[in-house]
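Chemist: Listed here are the chains, written in short residue letters.
2 protein chains.
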Amino acid sequence: MKIAQISPLWERVPPFRYGGIELIVKLLTDELVRRGHEVTLFASGDSITAAKLKSVHQKALRLDPNIKEPGIYEHMLLADVYHQAHNFDVIHSHFGYSALSYSTFSKTPTVHTLHGSFTPENEKIFRRFAWQPFISISESQREPRLGMNYIHTVYNGIDTGVYSFQSEPVQPAYLAFVGRISPEKGPVEAIKIARATGLPLKMAGKIDVVDKTFYREQVEPLIDGEQIQYLGEVTHEEKVQLLSGATLTLFPITWREPFGLVMIESMATGTPVLAMGLGAVPEVIAHGKTGFICHTIEKMIEMVPQAMKLDRHTCREYVVSRFSVETMTDEYERAYEMVLRKKLT
Amino acid sequence: MKIAQISPLWERVPPFRYGGIELIVKLLTDELVRRGHEVTLFASGDSITAAKLKSVHQKALRLDPNIKEPGIYEHMLLADVYHQAHNFDVIHSHFGYSALSYSTFSKTPTVHTLHGSFTPENEKIFRRFAWQPFISISESQREPRLGMNYIHTVYNGIDTGVYSFQSEPVQPAYLAFVGRISPEKGPVEAIKIARATGLPLKMAGKIDVVDKTFYREQVEPLIDGEQIQYLGEVTHEEKVQLLSGATLTLFPITWREPFGLVMIESMATGTPVLAMGLGAVPEVIAHGKTGFICHTIEKMIEMVPQAMKLDRHTCREYVVSRFSVETMTDEYERAYEMVLRKKLT
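Residue numbers (our numbering), protein chains in the order written: chain A, 760 to 1104; chain B, 760 to 1104.
Bear in mind the hints are in silico, worked out from the structure with no lab data behind them.
A portion of the hints provided could be inaccurate.
[Stated by the list, open to error] Label-pair restraints from in silico Cβ distances:
id : chain 1 : residue 1 : chain 2 : residue 2 : range
1  : B       : Arg1100   : A       : Arg904    : 27 to 33 Å
2  : A       : Arg904    : B       : Pro980    : 54 to 60 Å
3  : B       : His842    : A       : Gln988    : 54 to 60 Å
4  : A       : Arg1015   : B       : Glu997    : 30 to 36 Å
5  : B       : Arg1100   : A       : Lys811    : 49 to 55 Å
[Claimed, not checked] Below 30 Å or equal to it, Euclidean Cα-Cα: the simulated DSSO-like pairs (lysine-lysine) are:
id : chain 1 : residue 1 : chain 2 : residue 2
6  : B       : Lys827    : A       : Lys965
7  : A       : Lys866    : B       : Lys761
8  : A       : Lys971    : B       : Lys1101
9  : A       : Lys813    : A       : Lys1058
10 : B       : Lys965    : A       : Lys827
11 : B       : Lys951    : A       : Lys866
12 : B       : Lys965    : A       : Lys813
13 : B       : Lys1101   : B       : Lys813
14 : B       : Lys813    : A       : Lys811
15 : B       : Lys971    : A       : Lys866
16 : B       : Lys761    : A       : Lys827
[As the list claims (entries may be wrong)] Facing chain B, according to a computed beta carbon distance under 10 Å, are these residues of chain A, among others:
id : residue
17 : Phe775
18 : Leu812
19 : Leu822
20 : Ile826
21 : Glu833
22 : Ala838
23 : Tyr841
24 : His845
25 : Ser876
26 : Asp918
27 : Val921
Ideal Cβ placement from N, Cα and C applies to all residues, glycine included.
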């Protein structure tokens, strides 16, 4: 199959550090190439891929201080994609609403994976083009009231090979928290759970500019560097070490997480996950097997001892069988075939 | 002729106060309708026009505090325009580079009027689509090195009826400055000229957020409320009164002004213009007749007495014959015919 993949331009493929979308694009694209598809990746010029790379700027926009108007590069990239659309059987966009609008000018079908959340503003354009083929990354991500033409749900997958399994957690036991230090990820809630149980908590994740005040006022005062440690933004290797050594990973989110990559990263290393049951959480954790799904912080505190005892092999196997790159790619291939069949009939 | 006009969405057509592009769109659109064309105006939903209005949001984006992602509305508007492009003979865009990219997906020709200046970033997309038909608003606005397909230059026009002619300036005599209070418009230079000549200076114009520091540090200390007065942002009526009563309007710009609407507004009221010879200035002022074109501030100071003596009727007639809505519309009709002829051959 001749496939175009469109990645956001803000971050490189694969991302230098944080960048869930670009990581998924990397894994999917390389696996499609491995399976014999002819893949063209439209992405930032510094991307690394087994596919044919096409770009309009040599660097990830995030890394270039001269970038004042990212829209210019988006329009140029999308014009490039859709001017050569006839060369592809299917176009797969991870780009968001701009590609949605451009794709309506092409006969080649585009499937749109939505990686983020809806906002009162972006809902307008999704409604406007609701008839386009969409893929959700979880069932809970869908908003039925928008009436969008979802053709499939494809869960994110990871390369389980780079998340080394650890059969026993490090001693003394500690809890892990990995994610942006922002209210919706629940770092304050994680600290509350750690304090109530007396277990050490190791936290890692970046602090976005918009979250600096939140960090300074609500998180930093609770970090004592002993029981509650904040390691800053960590590398992939450090993250794997942090997760695999933990006795339990906390995921006390306060919003409707569309997927939650860190849950599968943790389980892949063998570490079960104790999570708040919002958004995609019930689709990602096997309750009572690879973690527990709770609805209050009090319940999460109560469940810590039981969650720590869950079988680490089960966690690992669960991810390998359900959230691998291979499974994700199988499902995307099915989605591509669906839109192609529809086009031919 | 069936014509679509695409206006920026940030400001209403016509603008509430400041908004040169939206004013030109208003005048051109209504005059085309008056001449019997079937015109559809794509603009903000609160626009007022004799044409058929199509919009994607009920308000000018600038006036709606809920607007966080203007790009959403731009994409929806441009998709609307180009999905119905087959209903038009010609599309005329005042929208900038986004419409440039979209227009390449349509068989209906789009002529693009560039109202602004080039930047190192937007040059990239103009080069990319250099073969599209462009209209410059002055000869000096063009950048030959970009190799763009300019089909015509059309000077801005104004409704001379709303700029009442005043045969004698107000006594005691004063100088006028109308424009954004920003370094490129030369407010500090205007004050320097006024001080050197001893004449009072009345200044009006908005202060953009980016220019607040410039105003506070470099302009405000020079305003004494007596000889040097700053009136803030004024209404159209106040602007006409300010210009028509002046003995001379100063236009001491420090950048390549692409057109300079205030020069023709001033001359329409009878007031000559003393200007720095940058950008479009030599194309807009008749040197020695409706103003003087200088190349240093010292020369401008020296020319004030002579400039004050220029004939006010000549100034008025010059604008009526060269920069009226009728002339502008004649020239745009010619441009539309050019692209249509090219399409048919």
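Chemist: Next, verify each hint and record whether it holds.
Modeler: Hints, one by one, checked against the model:
no., hint, result
1, B:Arg1100 - A:Arg904: 27 to 33 Å, "50 Å, violated"
2, A:Arg904 - B:Pro980: 54 to 60 Å, "57 Å, holds"
3, B:His842 - A:Gln988: 54 to 60 Å, "55 Å, holds"
4, A:Arg1015 - B:Glu997: 30 to 36 Å, "52 Å, violated"
5, B:Arg1100 - A:Lys811: 49 to 55 Å, "41 Å, violated"
6, B:Lys827 - A:Lys965, "24 Å, holds"
7, A:Lys866 - B:Lys761, "27 Å, holds"
8, A:Lys971 - B:Lys1101, "57 Å, violated"
9, A:Lys813 - A:Lys1058, "50 Å, violated"
10, B:Lys965 - A:Lys827, "24 Å, holds"
11, B:Lys951 - A:Lys866, "62 Å, violated"
12, B:Lys965 - A:Lys813, "44 Å, violated"
13, B:Lys1101 - B:Lys813, "28 Å, holds"
14, B:Lys813 - A:Lys811, "41 Å, violated"
15, B:Lys971 - A:Lys866, "50 Å, violated"
16, B:Lys761 - A:Lys827, "37 Å, violated"
17, Phe775, "23 Å, violated"
18, Leu812, "18 Å, violated"
19, Leu822, "16 Å, violated"
20, Ile826, "7 Å, holds"
21, Glu833, "8 Å, holds"
22, Ala838, "5 Å, holds"
23, Tyr841, "7 Å, holds"
24, His845, "13 Å, violated"
25, Ser876, "13 Å, violated"
26, Asp918, "33 Å, violated"
27, Val921, "35 Å, violated"
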